[in-house]
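Asker: Since chain C is already given, all that's left is putting chain D on it; use the hints.
Line by line, the protein sequences give chains C and D. This note's numbering numbers the first residue of the first sequence as 1046 and each following residue consecutively. This note's numbering numbers the first residue of the second sequence as 1046 and each following residue consecutively.
It is worth saying that the hints were derived from the structure and are not from the lab. Each residue gets a CB set at the ideal place from its N, CA and C atoms; glycine is no exception. One or more hints might be untrue.
[Claimed, not checked] Derived list of chain C stretches under chain D, where covered just means 3 residues or more per stretch with a C-beta under 8 Å from a C-beta of chain D:
no., stretch
1, 1234–1241
2, 1299–1311
[Said to hold, decoys possible] Partial chain C-side listing against chain D, Cβ under 10 Å, derived:
no., residue
3, Leu1065
4, His1067
5, Phe1187
6, Arg1226
7, Leu1244
8, His1247
9, Ala1253
10, Ser1314
11, Ile1340
12, Leu1341
13, Glu1346
14, Leu1347
[Unchecked claim] Negatives, chain C to chain D, calculated, CB over 10 Å:
no., residue
15, Asp1142
16, Leu1159
17, Val1166
18, Leu1252
19, Ala1254
20, Ala1258
21, Ala1268
22, Leu1275
23, Gly1372
24, Val1427
25, Asp1432
Protein chains: 2
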Amino acid sequence: MYKKIDYKKELEQASKSMILVHEPETLIKMIVRMIVNKVQVSHAGILLHDFEKDTYVLTVSKGDKGLKIPTGFARMDADNPMISFFRQRQDKQLFDDGAFVYEQGEKALNSKILSKNQKDVLKKVLYQMEILDAVACIPSYFRNDLLGVLILGNKKNGKKFAQDELDFFVALASDVAMAIRNAQLFEALAAELDKKQRLFIHTTIALAAAIEAKDRYTHGHTARVTNISLEITRKLESRHKLTFDEKFFEHLHIASLLHDIGKIGIPESILNKEGPLNETEAKRMQEHPLVGVNILQPIKELEDAILGVKYHHEKYDGSGYPEGLKGAQIPLIASIIAVADTFDAMTTDRPYRKALTKEEAVNEIKKQSGKQFNPQVAESFVELFQDNKI
Amino acid sequence: MYKKIDYKKELEQASKSMILVHEPETLIKMIVRMIVNKVQVSHAGILLHDFEKDTYVLTVSKGDKGLKIPTGFARMDADNPMISFFRQRQDKQLFDDGAFVYEQGEKALNSKILSKNQKDVLKKVLYQMEILDAVACIPSYFRNDLLGVLILGNKKNGKKFAQDELDFFVALASDVAMAIRNAQLFEALAAELDKKQRLFIHTTIALAAAIEAKDRYTHGHTARVTNISLEITRKLESRHKLTFDEKFFEHLHIASLLHDIGKIGIPESILNKEGPLNETEAKRMQEHPLVGVNILQPIKELEDAILGVKYHHEKYDGSGYPEGLKGAQIPLIASIIAVADTFDAMTTDRPYRKALTKEEAVNEIKKQSGKQFNPQVAESFVELFQDNKI
Chain C
1046 MYKKIDYKKE LEQASKSMIL VHEPETLIKM IVRMIVNKVQ VSHAGILLHD
1096 FEKDTYVLTV SKGDKGLKIP TGFARMDADN PMISFFRQRQ DKQLFDDGAF
1146 VYEQGEKALN SKILSKNQKD VLKKVLYQME ILDAVACIPS YFRNDLLGVL
1196 ILGNKKNGKK FAQDELDFFV ALASDVAMAI RNAQLFEALA AELDKKQRLF
1246 IHTTIALAAA IEAKDRYTHG HTARVTNISL EITRKLESRH KLTFDEKFFE
1296 HLHIASLLHD IGKIGIPESI LNKEGPLNET EAKRMQEHPL VGVNILQPIK
1346 ELEDAILGVK YHHEKYDGSG YPEGLKGAQI PLIASIIAVA DTFDAMTTDR
1396 PYRKALTKEE AVNEIKKQSG KQFNPQVAES FVELFQDNKI
Chain D
1046 MYKKIDYKKE LEQASKSMIL VHEPETLIKM IVRMIVNKVQ VSHAGILLHD
1096 FEKDTYVLTV SKGDKGLKIP TGFARMDADN PMISFFRQRQ DKQLFDDGAF
1146 VYEQGEKALN SKILSKNQKD VLKKVLYQME ILDAVACIPS YFRNDLLGVL
1196 ILGNKKNGKK FAQDELDFFV ALASDVAMAI RNAQLFEALA AELDKKQRLF
1246 IHTTIALAAA IEAKDRYTHG HTARVTNISL EITRKLESRH KLTFDEKFFE
1296 HLHIASLLHD IGKIGIPESI LNKEGPLNET EAKRMQEHPL VGVNILQPIK
1346 ELEDAILGVK YHHEKYDGSG YPEGLKGAQI PLIASIIAVA DTFDAMTTDR
1396 PYRKALTKEE AVNEIKKQSG KQFNPQVAES FVELFQDNKI
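The following block holds chain C by itself, in its conformation from the complex (with noise of 0.2 Å):
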């Protein structure tokens, strides 16, 4: 008797806390093998409405070798005979929620108070039990809808259940489909952030890339830009004991995808011009970020992305451009962009000029490091070619 009523405590905890876990298939996992060893019986599993298909797949089995249930093998569609029985719940004479249990049903196909009619349709129902190897199965609803069935093999005490513990494993078996039905939703939810995010990013990329597409030199910058920024970042945490967080990594991102953004306001004569600018269209060139914040002025949520737009140009010593921001006025992220910016540009042939090779733009990188560039930022750059990650 004690050991019963323990085993229903941590149970009924388990299922309280499950709420909490976002993760239908952890959550399944729990409480079927909960079940198994808590309640010693043979093997337990849980038909899982799949809501897309409409089908009822089996999810988890646990169990003793050779009783277990493969799962995947048992899919119930919807017209399957156990399903819309438990889905119907007409026949209350045949169903009346709470538990189903096979011999009771056996029980009943053999007494003179059900109809033909009757008996076929639970004849149909037990013979699933059948193939499911079931002793009961306890449905459990969310309003209207049939969520789960709980599946519960032989005791291995050959005993059978008692009155009370099928009662336990209905008001079990509800709280497990709330808290499936819970983190199903809480799942649908992640994913459809995550797509979010995904077209957001992958607009911004299209978009980015269309620009640069006017600039007809510098085809593949602003994805080399954005790798490299990511990657000094990395390396600036693992070397230099730094941690950034995720917003910073996303607001890198962003804002590399978008540092020359600004170019879209400068004339197609200038971006394209064959031979270096004059000192009114450097000028004009150099406007670029400042038209990129205007751009991105208006959407708040850039406010930190817009900072490596507006001050990727700056240089260390103080003699950048737009502000002339000086070493640690200048925003790390901008600081990060900047020297990826360089080097890509170092390394692309120009009109007027042939690339660099990568060892010779890592030197003038070095070189510069404390007056062009942040040189904690510099330093992380080298020491990634050093690895040949760049």
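Answerer: This is chain D only, laid out in the frame that chain C set:
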């Protein structure tokens, strides 16, 4: 006795279905209202943990007039004696989880088993309870976090809470706490999703506007086409009994914003030419829908929106471009944008012609219904104009 069991069942049932209520406020109001009504206490409330500010706020309070605590009044920081007492759970002699009853605390204060230090702590806790007019407090935890405190006033019949009642509230409070925590997590995720969606739309708007700025004659064109397209669709719903899901609106929104994105591939000399285009130039200009498709193609999630970009220059009679699609072959999303786009172009000054008045442009669209335009779409547009919505 019967009545007691009755309210427990009801509350248990409610606390279970609460798991799937994902608005914390609704949830808390529901449960507190139930407690006040079913258990017949003078007032009840919940102090809920605000994780960001690490403070406990009296989120809801229900009860008899006068006895009800004004919400917002009670806001207890982590260093509040009662809160830190429930959070630390250090002195098992004073508090052993479960319910904390004012009267029992008072008794302990007068006993000789407690040290002076213990009594000082206890006094401060009891004083906090007096402020809240609380007969019993039931803290609830998830793992080691104090999620909230259920506050109970006097029972209306003047009796004390029995131990089994208190035990029941402890279990209930834990359910509620878990459901609230779950709802908070859900809300946070939903808010994140909303933020991402806005970020995506706003960034797309900004980049589309930047690209549009290259075409010096079309200032504000994209925004106007987007608004008109969405209005047409709402009109199609209300007048023509068509139904569109949220996805359609989202795709239309994106497609309208990006319909001219391909113009980024057209040289400025053509875009900004002061006068009609010659044949070569016109041909180049007509490439813009397919250039747009090329830009957006890599983004799988935009598949449906791309149809609007690709086909917004098709004509109902088959005389449009790029594919010369006819009638129902033209995706509706493109037919909608086509009307909005043409109307806006007609009502805007171009270097080689003056803008038409709205009336003239609407008449032109009427005339072209069934020729250039899908008749249902054109009709809806005309109705919008008659409603003064354009």
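Asker: Now tell me if each hint is right for this structure.
Answerer: Hint-by-hint comparison with the structure:
Given as covered by chain D, the stretch 1234–1241 of chain C passes the check, having 6 residues with a CB less than 8 Å from a CB of that chain where 3 are the minimum. Counting residues of the stretch 1299–1311 of chain C whose beta carbon lies closer than 8 Å to any beta carbon of chain D gives 3, which reaches the threshold of three, so the coverage claim holds. Of the supplied interface hints, the one on Leu1065(C) holds, with its beta-carbon coming within about 6 Å of a beta-carbon of chain D, less than 10 Å. Residue-level restraint check for His1067(C) holds (minimum Cβ-Cβ distance to chain D is 8 Å; threshold 10 Å).
Nearest Cβ of chain D to the Cβ of Phe1187(C): about 7 Å, under the 10 Å cut. The hint holds. Look at Arg1226(C): its Cβ gets to within about 6 Å of chain D, closer than 10 Å, so that hint holds up. Interface restraint check: Leu1244(C) against chain D, minimum CB-CB distance 5 Å, threshold 10 Å, status holds. At a threshold of 10 Å, the smallest CB-CB gap from His1247(C) to chain D is about 5 Å, leaving the interface hint in force.
Hint status for Ala1253(C): holds, given a least beta-carbon distance of 8 Å to chain D, under 10 Å. Given hint, Ser1314(C) at the interface with chain D, holds; its Cβ is 8 Å from that chain's nearest Cβ, closer than 10 Å. A hinted interface residue such as Ile1340(C) counts as satisfied when its beta carbon comes closer than 10 Å to some beta carbon of chain D; here the least separation is about 5 Å, so the hint holds. Taken as an interface hint, Leu1341(C) checks out: its beta carbon lies about 6 Å from the nearest beta carbon of chain D, inside 10 Å.
The interface hint given for Glu1346(C) is met, as the beta carbon of that residue sits about 5 Å from the closest beta carbon of chain D, less than 10 Å. Annotation: interface hint on Leu1347(C) holds; nearest CB of chain D at approximately 7 Å, less than 10 Å. The claim that Asp1142(C) is not at the interface with chain D holds, since no C-beta of that chain comes within 10 Å of its own (minimum 14 Å). Under the 10 Å C-beta cut-off, the non-interface status given to Leu1159(C) relative to chain D holds; the minimum distance is some 32 Å.
Residue-level check passed: Val1166(C) sits 30 Å from the nearest beta carbon of chain D, beyond 10 Å. The claim that Leu1252(C) lies off the interface is violated: its Cβ sits roughly 4 Å from the closest Cβ of chain D, which falls inside the 10 Å cut-off. Distance check for Ala1254(C) against chain D: the nearest CB is about 7 Å away, which does not clear 10 Å, and the non-interface claim fails. At the 10 Å boundary, the C-beta of Ala1258(C) falls inside the reach of chain D, the nearest C-beta of that chain being 7 Å off.
For Ala1268(C), the shortest C-beta to C-beta distance to chain D comes to about 12 Å, beyond the 10 Å cut-off, and the non-interface label holds. Distance check for Leu1275(C) against chain D: the nearest CB is about 19 Å away, which clears 10 Å, and the non-interface claim stands. Look at Gly1372(C): its CB is around 31 Å from the nearest CB on chain D, clear of 10 Å, so calling it non-interface holds up. Interface exclusion of Val1427(C) from chain D stands, the closest Cβ pair being 33 Å apart, more than 10 Å.
For Asp1432(C), the condition that its CB be more than 10 Å from all CB atoms of chain D holds, with the nearest at approximately 30 Å.
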